[in-house]
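S.K.: Protein chains in written order, with the numbering used here: chain A, 5 to 121; chain B, 4 to 116.
Note that these hints are calculated values from the structure, not bench results.
Glycine residues also receive a C-beta, built at the ideal position from the N, C-alpha and C atoms.
Hints may contain errors.
Straight-line alpha carbon distances no greater than 30 Å define the calculated DSBU-like cross-link-like pairs of lysine-lysine that follow [as the list claims (entries may be wrong)]:
1) A:K53 / A:K81
2) B:K74 / A:K53
3) B:K74 / A:K26
4) A:K53 / B:K60
Output of the computed footprint for chain B on chain A, the stretches with three or more beta carbons under 8 Å from beta carbons of chain B [stated by the list, open to error]:
5) 17-28
6) 49-56
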Amino acid sequence: AQSVAQPEDQVNVAEGNPLTVKCTYSVSGNPYLFWYVQYPNRGLQFLLKYITGDNLVKGSYGFEAEFNKSQTSFHLKKPSALVSDSALYFCAVRDLDRGSTLGRLYFGRGTQLTVWP
Amino acid sequence: NAGVTQTPKFQVLKTGQSMTLQCAQDMNHNSMYWYRQDPGMGLRLIYYSASEGTTDKGEVPNGYNVSRLNKREFSLRLESAAPSQTSVYFCASNRQGAGTEAFFGQGTRLTVV
Chain A
5 AQSVAQPEDQ
15 VNVAEGNPLT
25 VKCTYSVSGN
35 PYLFWYVQYP
45 NRGLQFLLKY
55 ITGDNLVKGS
65 YGFEAEFNKS
75 QTSFHLKKPS
85 ALVSDSALYF
95 CAVRDLDRGS
105 TLGRLYFGRG
115 TQLTVWP
Chain B
4 NAGVTQTPKF
14 QVLKTGQSMT
24 LQCAQDMNHN
34 SMYWYRQDPG
44 MGLRLIYYSA
54 SEGTTDKGEV
64 PNGYNVSRLN
74 KREFSLRLES
84 AAPSQTSVYF
94 CASNRQGAGT
104 EAFFGQGTRL
114 TVV
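From just these sequences and the hints, can you work out the full model?
M.R.: Structure, rendered in structure tokens:
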């Protein structure tokens, strides 16, 4: 079965500092990984994804993510945080098991990022 | 281009009442999902439809039924609402392909009293 874990419920950083939101995954085969952001009272918005290729993936709003196969991690990063980055961030993995669960998208529990001025 | 549209946005039900949450997408996507979001639990998959005419149970299907009415629409029904179903419900869709990202609706905040 495929799964992702977000080990931190909350991350607090000062504006202008780099930020990292952690995600680890467990999959059989090659992982298809995604990051989403959720602002208060809104739906989830796609940020970026890793399918194959470069381990550093660039996405929306200046975010990037580093895929590390040996550590089974896909951490979300940004070089300089903004107050407006404060939101709930979700890591997700696509189910690639052949069978009835093929194609499903599974999410982590989310990490609340707070960027203070 | 509206994307994924959910109705209603808010609903209060009494225990035992029934209701249907509606979802429609205008992106010609094959796959559609229903999730519920609860504090500290993240998003949990209720039902999944890989294509028109097919539906499969997700992680937490008990107490729910779904209908994939056509390619555009995927509805979620609560036959007899319970307080444990108080949650925020999200519908999502994506086109075919493992590497494709999902698009989400704005959510339905449901309270069962």
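S.K.: Taking the hints in turn, state whether each one holds.
M.R.: Status of each hint after checking the structure:
no. : hint          : result
1   : A:K53 / A:K81 : 13 Å, holds
2   : B:K74 / A:K53 : 25 Å, holds
3   : B:K74 / A:K26 : 36 Å, violated
4   : A:K53 / B:K60 : 25 Å, holds
5   : 17-28         : violated (count 0)
6   : 49-56         : holds (count 4)
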